[in-house]
Amino acid sequence: MIAVVLDGLVQGMQLALLGVGITMVYGLGGVLNLAHGQLAVIAAVAAALLLEAGLAPAAAAALGALGAGAAGVLADRTLLLPAYRRRGEERLLLALILTLGLAFAVDGFLAYRYPSVALTLRLATGAVVIAGIPVRTASLAASAMALGAFGALALFLRYTLVGKAVRSIIQNETGASLCGIDVARTRTLIVGLSGLLAGLAAVAQAFFSNVGPEMGPEFTVLALIVAVVGGVRSLSGTVAAGLLLGLVNAVSSYYVGTYLTWILLLLAALLTLLVRPEGLLASWT
Amino acid sequence: MARWSAGGLVPLAATGAVLAALPWVVGTGIYSLRITTLMLIQITYAVAFNIVFGHTKQLFLCVGALAGSSAYLSVILVRDLRLAPAVAIGLGTLAAGALGALLSYVAARRGLGVIFVGIVTLVVSLIFQNLLLGLRRYTNGETGIVTQGLGVGLAGAATAGYYVFLAVLLAALCLYRWLIAGRPGLAFGALSEDELTAELAGIDVTRYKVLAAAIGAGLIGLTGALFADFNGFISPSVFSLAHVDIVVLIALLLGGVRTLLGPVVGGAAFALIDELVRPFGQATVLAYGVLLIVLFLAFRQGLVPTLRRKVRVPLP
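The listed protein sequences correspond, in order, to chains L and R.
Residue numbering for the first sequence follows our numbering, beginning at 1 and increasing consecutively.
Residue numbering for the second sequence follows our numbering, beginning at 1 and increasing consecutively.
If you are wondering where the hints come from, they were derived from the structure by calculation, not from laboratory data.
It should be emphasised that the depicted structure is a prediction, and the values quoted were computed from it without experimental measurement.
Idealized CB from N, CA, C, for every residue including glycine.
Take these hints with a grain of salt, some might be off.
[As the list claims (entries may be wrong)] Facing chain L, according to a computed beta carbon distance under 10 Å, are these residues of chain R, among others: (1) Leu33; (2) Leu38; (3) Gly111; (4) Val114; (5) Leu122; (6) Val124; (7) Leu126; (8) Leu211; (9) Gly281; (10) Ile293; (11) Leu295; (12) Gln301.
[Said to hold, decoys possible] Computed Cβ-Cβ distance ranges for the label pairs, DEER-style: (13) Gly189/R <-> Glu90/L: 15 to 25 Å; (14) Ala201/R <-> Pro115/L: 29 to 39 Å; (15) Tyr31/R <-> Pro115/L: 20 to 30 Å; (16) Met1/L <-> Arg110/R: 19 to 29 Å; (17) Thr159/R <-> Arg122/L: 54 to 64 Å; (18) Gly113/R <-> Leu267/L: 47 to 57 Å; (19) Leu267/L <-> Gly111/R: 15 to 25 Å; (20) Phe299/R <-> Leu274/L: 31 to 41 Å; (21) Ala184/L <-> Leu186/R: 55 to 65 Å; (22) Leu102/R <-> Leu260/L: 53 to 63 Å.
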């Protein structure tokens, strides 16, 4: 049971890594990025290709995650520009369709060009014993990465000037731009950052299983569920939702099987949307 | 208001005549008949989606799930309960209509915006796909069900099958015209402009949204159940987002939202494009994605409204 809970928490951190990206981009840009999981897959495929080319695993993984960040920046500076010219619901709708198109384009391209490339990162040692509980080194590595990323993100948002600008835009885009904040540039930064986090999530997943080009939709859906349950505008809510859903996921796949777990997660998102559209855990911020 | 003036019937009759003659133009071989029949099915989906999304701004990203639920339900009813195929198809249609109405009602009552309706229906689609995989005892999971002998027998009858779907499409177009030219059309126009103002003007917004969703979803369900029979087999993937929803979205955007002929023109154009990219295998998904982006960015008007402006023919 302890092992299952531990597994759940580790998975939860990965889910939170995925979800935070969607939340930040939605909160800041008013864009629901349906190609978020595809950014993660870009990182995995890029890292796998770099590994094949003979790079060290750590360097390949880092470059892969950076590649996902770069892909995010590129999408923001090109594809999403027409959406940013609109406001409110119209921007959301246009961006939704555009990122849906991007998701299909990336999925199709990767499945066509790199059908059999997949990222797997094997660690040298299998497991270590901490306080009497055997813990997989993969779990340790994945959680260390996630915690490091969250810590850095929290410090960045709280203490740097750019972080303050980000928070001010989330509160009020027009007001922030009147205060002299370069909204477009901050937005690009955040979309890049969300891609980087998605890339990290894919790298963390590669400690446990193969991450191939077909996993984009799954990543997107997981990220969407986490963001919805956490409240699409609340960062700490998203992290809490990631941990919660990770636990639910682990416990329920252990006891009732995978497909029911998926339905359970999806129902959680559905009910949250219908009962509290602002997010189940949103009030925590 | 003259719903059935002679001028209004000309485009319907012309569409019917062109589509009725189509098998003789592209050939009555098994392959070309299959392609053209699938085109009719997609066009019918698009007509229904046009009512729901185009006219009442409810972004239903669950066309495949609605079609699939009706298809699976009717097939399973015939297989396990030995119902008559026609009755089962009717029940499947009703179930899809009811599901659509329920989604619309809940969304309208909760005051969900376009995007949230989109997410809710997307999640419903995913739940549907997972249910198909999970309820293996009834659905055979990913393997799917062979529907030969479980329907009204469209699978064998190639030319007759085409005309059955043509009849359904023409009925859908008549229904569309009847809705839009009448009182519901006025209400749709008002509520998609501004819901609050429409409500203040005495329009029951929830009722008209649910009406549109029920009719659209029922039409999708009918087409889906007939498709199950025609296709000879159903599986989760033939009702997936990539195979149904994205195609319908592209066809409607390509042809022109909120027009009678938009879905027809868009569906036909899409079928043509799809034939052209078919040799590239997996890259078709790439082509769909790029197409969706380009259409939504550069060509938001669609073919029919563009033709209206360029040729100055008052196309409906």
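Legend entry - Minimum beta-carbon distance criterion (10 Å), isoleucine 293/R to chain L: The hint holds - isoleucine 293/R has a Cβ within 10 Å of chain L, the shortest such distance being about 4 Å.
Inset, instruction - Go ahead and decide if the range 29 to 39 Å is satisfied by the Cβ distance of alanine 201/R to proline 115/L. - result: Hint violated: Cβ distance 56 Å, outside 29 to 39 Å.
Legend entry - C-beta pair threonine 159/R, arginine 122/L: status relative to the range 54 to 64 Å that was hinted: For threonine 159/R and arginine 122/L the Cβ distance comes to about 58 Å; the hint holds.
Legend entry - chain L contact restraint for leucine 126/R - C-beta distance below 10 Å: Holds, about 5 Å.
Legend entry - Distance restraint hint 20 to 30 Å, applied to the beta-carbon atoms of tyrosine 31/R and proline 115/L: Once the Cβ atoms are compared, 27 Å apart, the range 20 to 30 Å for proline 115/L and tyrosine 31/R holds.
Legend entry - Hint status (Cβ of glycine 281/R to nearest Cβ of chain L, threshold 10 Å): 7 Å, holds
Legend entry - Pairwise beta carbon distance, leucine 267/L to glycine 111/R, judged against the given window 15 to 25 Å: 21 Å, holds
Legend entry - Restraint check, 10 Å cut-off on beta carbons, for valine 114/R near chain L: Since chain L brings a Cβ to about 5 Å from valine 114/R, closer than 10 Å, the hint holds.
Legend entry - Cβ distance range 19 to 29 Å for methionine 1/L and arginine 110/R, holds or violated: 38 Å, violated
Inset, instruction - Could you see if the CB distance from phenylalanine 299/R to leucine 274/L stays within 31 to 41 Å? - result: 35 Å, holds
Inset, instruction - Indicate whether the distance between the beta carbons of leucine 102/R and leucine 260/L respects the range 53 to 63 Å. - result: 23 Å, violated
Inset, instruction - Could you see if the CB distance from glycine 113/R to leucine 267/L stays within 47 to 57 Å? - result: Hint violated: Cβ distance 21 Å, outside 47 to 57 Å.
When each numbered hint is compared with the structure, violations occur for hints 1, 2, 8, 12, 14, 16, 18, 21 and 22.
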